[in-house]
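S.K.: These protein sequence lines map, in sequence, to chains A and B. My numbering numbers the first residue of the first sequence as 1 and each following residue consecutively. My numbering numbers the first residue of the second sequence as 1 and each following residue consecutively.
One thing to keep in mind: the hints can contain errors.
As the list claims (entries may be wrong) - Here are the in silico distance ranges between beta carbons for each label pair:
#, chain 1, residue 1, chain 2, residue 2, range
1, B, Arg259, A, Gly290, 25 to 35 Å
2, B, Met260, A, Thr68, 26 to 36 Å
3, B, Leu118, A, Arg27, 40 to 50 Å
4, B, Pro53, A, Gln216, 18 to 28 Å
5, A, Arg27, B, Pro9, 33 to 43 Å
6, B, Lys246, A, Asp257, 43 to 53 Å
7, B, Phe8, A, Thr125, 50 to 60 Å
8, A, Leu88, B, Pro53, 53 to 63 Å
9, B, Arg261, A, Gln212, 27 to 37 Å
10, B, Asp174, A, Asp50, 45 to 55 Å
11, B, Lys246, A, Ser201, 49 to 59 Å
12, A, Ile352, B, Ala224, 43 to 53 Å
13, A, Ile121, B, Arg261, 29 to 39 Å
14, A, Glu199, B, Arg261, 48 to 58 Å
Claimed, not checked - Computed footprint of chain A on chain B, listed as stretches where at least three residues anywhere in the stretch have a Cβ under 8 Å from a Cβ of chain A:
#, stretch
15, 28 to 38
16, 102 to 109
By construction, these hints were calculated from the structure, which means they are not laboratory data. None of these values were measured; they are calculated from a predicted model. All residues carry an ideal CB built from backbone N, CA and C; glycine is no exception.
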Amino acid sequence: MSQPHSPPPPPAQPQPPNMTDLLKKPRRIALGCEGSANKLGIGIILHENDTSTVLSNIRHTFVSPPGTGFLPKDTAAHHRSFFVRIALQALRVANITIPDIDCICYTRGPGMGAPLTSVAIAARTLSLLWNKPLVGVNHCVGHIEMGRAITGASHPVVLYVSGGNTQVIAYAEQRYRIFGEALDIAVGNCLDRFARTLEISNDPAPGYNIEQLAKQGGRILLDLPYAVKGMDCSFSGILTRADELAAHMKSGGKGPDGEAFTPADLCFSLQETIFAMLVEITERAMAHVGSSQVLIVGGVGCNERLQEMMGAMAAERGGSVYATDERFCIDNGIMIAHAGLLAYETGFQTPIEESTCTQRFRTDEVLVKWRK
Amino acid sequence: MTEPATEFPPPKILTLSPAHKPILITQGAEGRLYKTPSPFQPDQFCALKYRPPKPYRHPILDARLTKARISSEAKVLDRCYREGVPVPAVLAKDAAAGWMMIEWIEGEPVRVGINKWLGERPEDDAVVDHSQEDETPLIDLMKRIGVAVGALHRTGVVHGDLTTSNMMLRPWADDRLPNGHGDKAEKAKAVAGDVVVIDFGLAMQSQSDEDRAVDLYVLERAFASTHPRAERLFHHILDSYRGAFKKAPGVLHKLEDVRMRGRKRSMLG
Ligand SMILES: Nc1ncnc2c1ncn2[C@@H]1O[C@H](COP(=O)(O)OP(=O)(O)O)[C@@H](O)[C@H]1O
Ligand SMILES: [Mg+2]
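Model the full assembly from the supplied sequences, consistent with the hints where possible.
M.R.: Below you can see the structure in the form of structure tokens.
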């Protein structure tokens, strides 16, 4: 290709923030971009003294047809085509102007490669266009920090449960340390895949529809393998067995009591078993670190049955459960803005030439400088 | 360990003799542990481990898990005890009622001892100069842990939940204790004692290198997250494990694979 014009001069790099100036600013504002899975989210947060205020939190979800999962390519295309629309809406709702923004935050990982990249490119573009520093954020840390900010849980054990992650986390010495996790597939993935087996709708989310269906179950508890190892657990054996039971049901098979059983019975049994496992590993971590607070974050954390079970466990330990609703539980841009701004306020930023994404990015890799 | 927040009704077995009031020691991960005079030797104490019904769990699932876990825990303890692994002896059990009575182990969990040694300073490990410090007492404790785990694996048992909370440090008689006074001697006393492995609620019988390696991996991760400042000494556990257990080389080889898998594990599901 011929180049008729000389290449444009390299864009001016945003200067690192002068920390004393930044912290003297009474109002600090960040825009956060999230797209590690099938939700595209853009949110704008305001930090004022010690308070955080959500100025806007807009999300658009890529919903795939029943019986299918979301593919990276299609998801990335969805994020690309909605980014500008969602960003403009976030700015409009927040009612701020571009000079008000201190930094642009984006999800570095973990997540699916193509969707992550599409949103990172858009974030880089905003950074260059508006001459704002970039801040790369760990998605899991975003969930934790937003959960703490919304619920006021100061030093909780965190259960992070989503389509891609199952982790029991506690803070110690400047890191969110992983005490337990799923050894194979994530709990949300198990639910999503079982929804596909039953061809339940993915709208608004497969897990949500399983939860609704489970409410009609309860007549019997079907026997599923219970797989806990210390503070770790595994879900693939359960999924295999649940799939087998579903096939048995579809071919007119009977349950252990000689009666037919329904998709609702299956959803009920699946939830009761896997949530009991999650509560058990969380309780073990609480006993281990001596905490009575538990914070549930991540998309599966919206599940009211899980919250109820966790609440019963925490109450017995003299503590309580903290959970947020779908605005913050489900992937969103505001948590990226919030966690990014916390890091930015300690002097952290991501130079544009290092503003990559990574599919694997462990929660305990992040130095949590903003906590004691 | 979390202090029990409310008064719990003790299991029925502990209400039969009103003269002896059981003391609730901890509400552990899933069980409550009581200290009570032994019905067999009233001048001695015993520990009663009670798994109360879990209100959050479906009653059928709950009954199934409770019964299976008490039975299997007692069975594994018996086996270890018979083979000379340092564990509490089982005195009595009622699996359906959810309790077993075991030997009382004096002392504190290893976690408490190590944390006493490390002190409370939340410093960045990198800036602490360890070269000045004599770490022998802590290293010796790590070695005793490795020996205990080696003995356990030798009997064909994997623990399933190896953490420093699930090991007790049974104090030595005075003549074995480190002598001297002052801070240094106090620190050394914090990590003195025999390692007794407890809490076999998730244990199983297995001879496979893979299962044993996962056991070590669980311990390694629990150790790193519980005692980040002593993480660099963890290898002493593995070194003494190697010395204590003939089949250790194969297990440690497998441990590398398990670690790799852990690190490479997709966060995506
Ligand atoms: N035999 C024992 N003697 C004295 N203390 C014990 C004994 N067994 C357990 N404990 C204490 O009780 C706590 C909980 O017991 P554990 O068996 O680990 O139950 P859980 O399964 O609830 O973790 C231990 O951390 C330890 O402090
Ligand atoms: Mg225990």
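S.K.: Evaluate each hint against the coordinates.
M.R.: Hint check:
Checking the proposed 25 to 35 Å range against B:Arg259 and A:Gly290 shows it holds: the Cβ atoms sit about 28 Å from each other. The hinted window of 26 to 36 Å between B:Met260 and A:Thr68 holds, with their beta carbons roughly 32 Å apart. Against the hinted window of 40 to 50 Å, the Cβ-Cβ separation of B:Leu118 and A:Arg27 comes to about 41 Å, which satisfies the hint. A hinted range of 18 to 28 Å holds for the C-beta pair B:Pro53 and A:Gln216, which are about 26 Å apart.
Between A:Arg27 and B:Pro9 the CB atoms are about 54 Å apart, so this pair departs from the stated range of 33 to 43 Å. Under the hint 43 to 53 Å, the C-beta atoms of B:Lys246 and A:Asp257, about 50 Å apart, fit the expected range. Distance hint for B:Phe8 and A:Thr125: a CB-CB separation of about 59 Å, consistent with the stated range 50 to 60 Å. Our hint of 53 to 63 Å for A:Leu88 and B:Pro53 holds, since their Cβ atoms are close to 54 Å apart.
At about 36 Å, the beta-carbon gap between B:Arg261 and A:Gln212 stays in the expected band of 27 to 37 Å. Roughly 53 Å separates the CB atoms of B:Asp174 and A:Asp50, a value that falls within the hinted 45 to 55 Å. Taken as a hint, the range 49 to 59 Å holds for the pair B:Lys246 and A:Ser201, whose Cβ atoms sit roughly 57 Å apart. Checked against the given bound of 43 to 53 Å, the beta carbons of A:Ile352 and B:Ala224, roughly 34 Å apart, lie outside it.
Checked against the hint of 29 to 39 Å, the C-beta distance between A:Ile121 and B:Arg261 comes to roughly 32 Å, which is consistent with it. A hinted range of 48 to 58 Å is violated for the C-beta pair A:Glu199 and B:Arg261, which are about 33 Å apart. Figure legend: the stretch 28 to 38 of chain B, annotated as covered by chain A; annotation consistent (3 residues with Cβ-Cβ distances under 8 Å, at least 3 required). Check result for the stretch 102 to 109 of chain B against chain A: violated, 0 residues qualifying (beta carbon to beta carbon below 8 Å, three or more required).
In summary, the numbered hints that this structure violates are 5, 12, 14 and 16.
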